[in-house]
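The chain contents come next:
2 protein chains.
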Amino acid sequence: MISRVLAADVPAHIGARIRVAGWVHRRRELKSVTFLVIRDRSGLVQIVLPESDVPEETVVEVEGVVIASVQAPGGAEITEPVVTPLSEPAQAPPFDLYRPNLNATLPTILDNAPVALRHPKARAAFTITAASVAGYRAALDEMSFTEIHTPKIVETATESGATVFGIDYFGRRAYLAQSPQFFKQSLVGVFERVYEVGPVFRAEPHDTTRHLAQYTSLDAELGFITDHHDVMAVLRKAIAGMVGSVKTRAVKALNLLEIRLPEVPEIIPEVHFTDALELVGAPADEPDLAPAHERALSEWAMSEHGSEFLFVTGYPMRKRPFYTHPDPARPGHSNSFDLLFRGVELVTGGQRLHRYSDYLAVLQDPEPYRGYLDAFKHGMPPHGGFALGLERWTARLVDAPNIRQTTLFPRDLTRLSP
Amino acid sequence: MISRVLAADVPAHIGARIRVAGWVHRRRELKSVTFLVIRDRSGLVQIVLPESDVPEETVVEVEGVVIASVQAPGGAEITEPVVTPLSEPAQAPPFDLYRPNLNATLPTILDNAPVALRHPKARAAFTITAASVAGYRAALDEMSFTEIHTPKIVETATESGATVFGIDYFGRRAYLAQSPQFFKQSLVGVFERVYEVGPVFRAEPHDTTRHLAQYTSLDAELGFITDHHDVMAVLRKAIAGMVGSVKTRAVKALNLLEIRLPEVPEIIPEVHFTDALELVGAPADEPDLAPAHERALSEWAMSEHGSEFLFVTGYPMRKRPFYTHPDPARPGHSNSFDLLFRGVELVTGGQRLHRYSDYLAVLQDPEPYRGYLDAFKHGMPPHGGFALGLERWTARLVDAPNIRQTTLFPRDLTRLSP
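Top line first, the protein sequences correspond to chains Y and G. Position one of the first sequence corresponds to residue 1 (our numbering), numbered consecutively onward. Position one of the second sequence corresponds to residue 1 (our numbering), numbered consecutively onward.
Bound-form chain Y, shown alone (with noise of 0.2 Å):
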């Protein structure tokens, strides 16, 4: 049997017979001609045969002729073909793939999520998603971090009881964790640098656009930092590297949208979050910034620093968690940041307290704490990090308004299926 050649390297192969493998994109029956337009992981490429009953999404293998064509995608197409099914005839997906968008509502597309993501602009999302995951890990493999994993079983539900799944562990009580704070913070011990990309889970009692069940997170976290900027100095290298890595690995993904990558200035912005407040016209004493404020916050610092990306500092101790180091310059506030990122915040991150008895003054009972709070009585050095949502993120650079438009199977309040 020939091998297979990809859709994209058809036009390379003008003259040859030659076979290709893929689902039915599109049928058009003329009055004597059938063109089939084949799709491969690759792109589409046109068959031309005198009629064909094959529905669309079924999966066939095509042996044929390559010949020039102006009309056809790609400059050429396939003639004289032997078309040999691959799968049973498929049954008509509820909407139609080969239209330039997907014209369906939400639920029904994430209903319909393993055949929805065959829609090549629905795909072209994950696409970036997976250019962005290699480009942090390479951007902390880089800065000689080591990548750990870490359980998603804990036994104490930590940051905050309220959003917490509990699990039936052998029969005792357990929880999904929320996060891997409390490891990757005890690894720093270990390796003074680690990070993770795995799922974490916050029963999020709310239905809105940018919060799910289950989310991928991007943690670090790093020791021998002075401050939160040494945190930050990282953080900016790592998305450096995603938007590099976007650009490099996804290019067909992004002409397909027609994604406008951001740049990364040298220096991201920075702006204290009590003057934040002023400038977005909030009273002094907030605690947290609004969605509103966020908007309103990445577009000054467009307009002033002809950046889209915003670090701000200095959030209020009252408002972040106990491990959250306070400012010994400002009392009250935290050597904390958010990034914001066309609008919304992207990551959360800050230094943490290192010193067995700051825990111990924090916690009111530190019993549940016992083996997270055993690597700060045995020594640990200043350290700070970070988590980013991978979804997010692809959210804001492809401007999908619902973080379920750039997550494969979500899982939210009501959906627990595909």
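These are computed hints drawn from the structure, not numbers from a lab. Model, not experiment: these values are computed from the prediction. Any given hint could turn out to be false.
A pair holds if it fits inside one copy or across any two, identical chains being indistinguishable in the list.
[As the list claims (entries may be wrong)] Below, a list of computed lysine to any residue pairs in the SDA-like style, where the Cα atoms sit at most 20 Å apart:
#  : residue 1 : residue 2
1  : K247      : E142
2  : K252      : A400
3  : K252      : E142
4  : K247      : D399
5  : K121      : E147
6  : K247      : A138
7  : K247      : E304
8  : K252      : A292
9  : K31       : P81
10 : K237      : E345
11 : K247      : E147
Fit chain G to the known structure of chain Y by using the hints.
Leaving out everything else, chain G in the frame of chain Y:
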């Protein structure tokens, strides 16, 4: 402040005043002089000073002058030091981290994982793990696979109801995914070739040295195959990539643990299940291989083929999951394989059913599988894949008798913390 030099780079700075930072690995007090050995992510460096009471594991920063010293590790040491603690004086760990080996029982080591993992030999295993995963991804990226991230919370206890963890999902019953099997198959319909590195969950009721409640699964799935041999060829490349990456990225760990890496033959030897039974002298009607059989087969592969890897193919259909593709030529047998490595099953894989009607024929009640079956209803190519247990891989590489030694924070029947 002068910038930090890593311990391993100190010998390159003889005569200079430098700054190092790390943990006090070892303090040796002689009559008139004290040696502090400092450990950082790169290695060890010796400090000489008149006296010091800094306890071991305390984190310190040291400024001093580098001199050549034949007795010191790396041939250099730091004199005239100014030692500044970065943590509180550390409490003593329940074992000495400076000894060549961790002299403690496995339960003590696991109970104190955050500090036990700091031992250079404990840590080294996880450097090898990280290098392995990087090699796995690079090999699959090279073969144009797309990385995916799939749900760990699922509606249906899919592969075997007995070993699944239940979750309370917003008042509904849900389960932790035992594998990304259904998702990766569905996504062959989208990307043709996919892989995932992520946690999988098994409520294993047995306490063994090679099973855990959570482990890291390296999954892959690819379409347009002829049969399981195409999958085995991809797996062979993935494993060669892993070994190659360990060889280049984990040199220090390999030397420290005195590891002999396996050769990955161009063609990994293969034996059919029925012949395997005969080779180990088991009755011809045995439905599966016992651990002792796997050990015997590995020995046979070494003596007969000089290979530490062996494919066993054609397992009986009745012992494989419902989505397994039968061998058209041998009734009762399947187009499946296991890969044995150094006496244990490391990988399970095979060709899957790809016709909708085949699934309807094997599933007694297709309703719980509706979302999964959608992919097949709308056309799927012949495909197959595999899953490799990451912790088991490293355990065999470093010759760890218990998989808990190559898992950062293991989860089992009794262990849920740290």
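Here is how each hint holds up against the structure:
| no. | hint | in the structure |
| --- | --- | --- |
| 1 | K247 / E142 | both (18 Å within a copy, 17 Å between copies) |
| 2 | K252 / A400 | within (18 Å within a copy, 45 Å between copies) |
| 3 | K252 / E142 | between (26 Å within a copy, 17 Å between copies) |
| 4 | K247 / D399 | within (17 Å within a copy, 42 Å between copies) |
| 5 | K121 / E147 | between (31 Å within a copy, 17 Å between copies) |
| 6 | K247 / A138 | both (14 Å within a copy, 18 Å between copies) |
| 7 | K247 / E304 | neither (26 Å within a copy, 49 Å between copies) |
| 8 | K252 / A292 | neither (34 Å within a copy, 51 Å between copies) |
| 9 | K31 / P81 | within (18 Å within a copy, 90 Å between copies) |
| 10 | K237 / E345 | within (18 Å within a copy, 40 Å between copies) |
| 11 | K247 / E147 | between (24 Å within a copy, 17 Å between copies) |
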